[in-house]
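Undergrad: With the hints as a guide, bring both chains together as one complex.
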Amino acid sequence: MQWWALDGRKKGDGVLRHPSDAQQWKGFDAKYPEFGEDPRNVRFALSTDGMNPFVDRTSTHSTWPVLLSIYNLPPWLFVKRKYLLLTMIISGPKAPGIDIDVFIEPLMQDMEILWKERVEMWDELVKSAFTLRAIIFVSVAL
Amino acid sequence: MGTKSGKKRKKCGKKGDATKNAEEPNITLRIDDTNQRKIPALVMWYLSPIDRLRRLFSNPKDL
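Chains as they are written, first to last, in this note's numbering: chain A, 1 to 142; chain B, 1 to 63.
In isolation and in its complexed conformation, chain B is listed as follows (with noise of 0.2 Å):
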């Protein structure tokens, strides 16, 4: 899925700086977002569709 691009590639030099920060704690806890690469965190929303098909008889328009 997708392709390396010269972009990404840079980015992942920027990603080197960022760990070498972990090394020392001290600088860690100042974490400069520019230089650090974003990881999208896994989410997952649910909505139940028993609400959904309550709703849907309650509407004489939708029947």
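Looking at chain A on its own, in the form it has when it is part of the complex (with noise of 0.2 Å):
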């Protein structure tokens, strides 16, 4: 999680490794410094996109699982599927459409907590109790 900003890491020379090596990371981070002060706080992609687990069936089902995947892990893991966080699946005759706002509420309000309340989370590595935040950075098109 903290991989992005360790002193062994190459960075600073003009090439992207990482997104934390882009404007857009730096500029959030120039805006709100509480948050990019620990580099543990979380950075979240949300993606979404309609599939179909039955073959044949393509216009009576349709499934949207919505992911979000995290950004402050190195870009070879953080697409894994032991990272990439499942967080909704919504099956039903029909894709939700624009009302997939309402389906998306739930997480909505978990990321609230995560960003106005913030979240008393344990770290292992360091034996130690910390305060998480954690923001949706992107969101990509699938």
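Fair warning: there could be bad hints in the mix.
To be verified - In silico DSS-like pairs for lysine-lysine, Cα to Cα no more than 27 Å straight-line:
no., chain 1, residue 1, chain 2, residue 2
1, A, K11, B, K61
2, A, K80, B, K61
3, A, K116, A, K94
4, B, K61, A, K10
5, A, K31, A, K11
Said to hold, decoys possible - Listed below are several chain A residues computed to face chain B (Cβ distance under 10 Å; list not exhaustive):
no., residue
6, H18
7, S47
8, D49
9, L73
10, L86
11, I89
12, I90
13, G92
14, P106
15, M121
16, F137
17, A141
Derived by calculation from the structure, the hints in this document are not laboratory data.
Glycine residues also receive a C-beta, built at the ideal position from the N, C-alpha and C atoms.
TA: In structure tokens:
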């Protein structure tokens, strides 16, 4: 989770190796220095797409998984199944379409907690508790 | 989304049979699954990301 902030990582030479090398990340840290202070604070990418678990019934079923990926992780890890957070599965006869904002409401409530109220979290690496904040940094259109 | 195939149209005919059954309340109680087109239920699963993060931070190998 802190890999992107480590001194051992090659950075600062203008090459984009991780989202943290990009302007959006730095700009966000500049706007909310309190958030950028702790490299453990999580930055999520939100993505969703329609898929069909039943191959032949294309028009009668629709499943929409909503995924959160953690951009703090190294780029070779954050798309691995272990580190993808499948937060939501919306399955039904039709795609949720524009009404997806209603389905996403519980996720937004959790995100509000993670941003405004913060969450007490135990860090096993340093064996101490800390307060975690998180933000949906980007949304990925598939 | 999706195209109408011959198979689907055949099923629509069967759906008509089901509505005919609905008009006679005595028969609807004995629903025949083979004659009825099932409609998938709209279900939403929500798994809290906070718990997943808690789990992630509790494993030193993941940090």
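Undergrad: With reference to the structure, classify each hint as holding or not holding.
TA: Status of the hints after comparison with the structure:
1. Note on K11/A and K61/B: the hinted pairing holds, with a Cα-Cα distance of about 24 Å set against a maximum of 27 Å.
2. Between K80/A and K61/B, the direct Cα distance comes to roughly 15 Å. Compliance with the 27 Å bound is thereby established for this hinted pair.
3. With a CA separation close to 34 Å, the supplied pair K116/A and K94/A exceeds the 27 Å bound.
4. Our distance criterion of 27 Å between C-alpha atoms is met by K61/B and K10/A, whose separation comes to about 22 Å.
5. The straight-line distance between the Cα atoms of K31/A and K11/A is roughly 21 Å, inside the 27 Å bound, and the hint therefore holds.
6. Checking H18/A against chain B: minimum C-beta separation of about 16 Å lies over 10 Å; hint violated.
7. With a cut of 10 Å, the hint placing S47/A at the interface with chain B is violated, because the nearest CB-to-CB distance is about 13 Å.
8. At its closest, the beta carbon of D49/A sits 13 Å from a beta carbon of chain B; the interface hint therefore is violated under the 10 Å criterion.
9. For L73/A, the suggested interface contact is upheld, since its CB lies about 9 Å from the closest CB of chain B, less than 10 Å.
10. Proximity of L86/A to chain B holds as hinted, the smallest CB-CB distance being about 6 Å (cut-off 10 Å).
11. For the restraint placing I89/A at the interface with chain B, the shortest Cβ-Cβ distance is roughly 4 Å, inside the 10 Å limit, so the hint holds.
12. For I90/A, the interface hint holds, since its Cβ comes within 10 Å of a Cβ in chain B; the closest pair sits about 5 Å apart.
13. For G92/A, the interface hint holds, since its Cβ comes within 10 Å of a Cβ in chain B; the closest pair sits about 3 Å apart.
14. Of the supplied interface hints, the one on P106/A holds, with its beta-carbon coming within about 5 Å of a beta-carbon of chain B, less than 10 Å.
15. Nearest Cβ of chain B to the Cβ of M121/A: about 5 Å, under the 10 Å cut. The hint holds.
16. Because the beta carbon of F137/A sits about 14 Å from the nearest beta carbon in chain B, more than 10 Å, this interface hint is broken.
17. Below 10 Å, beta-carbon pairs count as interface contacts, and A141/A has none with chain B, the closest being about 18 Å; its hint is therefore violated.
When the structure is compared with the earlier hints, violations turn up for hints 3, 6, 7, 8, 16 and 17 and for no others.
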